[in-house]
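Enquirer: One-letter residues, chain by chain:
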Amino acid sequence: MSATTKRSWTGRVRERAVGALPPEKLLPDKQPAYMASWIYVFGVLSLASFVVIIASGSILTLKGPGWWHFTGTGHFFNSIHLWSVELFFFFMVIHLWGKYWMAAWRGGRAQVWMTGAVAFIVAVPCALTGYVSQQNFDAQWIATQAKDGLNAAGVGAFFNVTNFGQMYSYHVLLLPLAVATLVAAHILLVRKHGIVPPFQLSDAGEPRATNAMPVPDSEPARAAGPGSGDRPTPVPKPAPAPAHGPAEPATIPAEPVP
Amino acid sequence: MIAAIFNLNHPAHTVHWHFFTMSVSNVVVILLMLVVFAVAIVAPFPRHGAGRERR
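For the protein sequence lines, the chains are A and B, in the order given. Under the working numbering, residues 7 to 264 are what the first sequence spells out, in order. Under the working numbering, residues 168 to 222 are what the second sequence spells out, in order.
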């Protein structure tokens with residue numbers, strides 16, 4: 007490293023970024039074998055729905071309420087936007103259930119869990135502000151109902167859901183920006199820490215997978231991410247099953263997933 | 168204007184259980200999520216390499 011790079015903040019940022027997320031971790035071409043389950047697809051399904059939401063919402067923003075209410079193409083994109091939101095929450099809830107029951111915060115993944123949970127929470131007002139920005143009677147009904155709720159919660163002075171301008175600004179800029187930022191952070195953290203492995207079968211008294219290497223303790227499992235290539239070194243004889251705690255099968259070999 | 172598949176010209180049907188009230192449509196969505204969650208856990212995932220064996 008040159009002295010110039012050491013002095014430059016851009017160089018320091020680059021080194022930290024590449025150190026935390028080397029290219030083989032950021033864009034892996036292999037995934038662990040335990041990912042061969044449908045429960046692991048709901049994260050990317052949520053992400054795909056989010057991309058459709060942003061794309062269809064951008065088109066609606068460009069064209070305006072007259073277009074989405076009174077033209078066939080506008081109706082179509084309005085429906086695309088609505089149903090992608092429905093699917094986003096549908097997939098995100100199943101993703102949440104799956105990750106909750108496999109305790110996805112294990113192995114130093116607390117930040118992954120927290121960014122996902124906060125993204126879910128922020129997505130709720132993002133959707134609500136969309137429902138009240140429709141510019142129709144449905145929006146008026148939802149806004150007056152939400153106003154009662156927000157007043158009851160004591161925050162009605164800060165969020166006026168009957169104010170179209172305020173709600174539309176929240177919906178097309180502030181909240182999508184917050185959700186997109188949280189989703190990006192969530193994905194980068196997943197890439198950094200790796201997909202959480204399932205609980206070891208040996209914890210439940212089941213036989214260990216024959217191709218699994220023993221885990222001396224739970225610490226090396228933290229590093230076992232997809233494509234990370236930093237699985238723990240195998241030892242000659244199998245280690246006994248851990249007496250307590252959710253040890254992770256960090257030794258399940260990676261195999262390419264198309 | 169194409170009509171809705173279901174007749175929407177009435178108040179929503181709701182499910183009441185003590186203090187708990189929820190629209191039937193929301194109940195259906197929640198049940199559907201539970202079903203998809205269960206299927207995602209038990210349904211076999213296509214193994215990588217299965218296609219290569221046929222070659």
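There could be a bad hint or two in this list.
Quick list of the computed label-pair ranges, beta carbon to beta carbon [said to hold, decoys possible]:
1. B/201 / A/14: 15 to 25 Å
2. B/178 / A/60: 40 to 50 Å
3. A/73 / B/174: 41 to 51 Å
4. B/208 / A/120: 20 to 30 Å
Covered by chain B, according to a simulated footprint, are these stretches of chain A (three or more residues, beta-carbon under 8 Å) [what the hints assert, rightly or not]:
5. 42 to 51
6. 93 to 107
Calculated directly from the structure, the hints in this document are not laboratory data. For glycine and all other residues, C-beta sits at the position ideal for the given N, C-alpha and C.
Enquirer: Could you run down the list of hints and mark each one as holding or not?
Expert: Checked hints:
no.	hint	in the structure
1	B/201 / A/14: 15 to 25 Å	violated (54 Å)
2	B/178 / A/60: 40 to 50 Å	violated (34 Å)
3	A/73 / B/174: 41 to 51 Å	violated (28 Å)
4	B/208 / A/120: 20 to 30 Å	holds (24 Å)
5	42 to 51	holds (count 6)
6	93 to 107	holds (count 5)
In this structure, the hints that do not hold are numbers 1, 2 and 3, in rising order.
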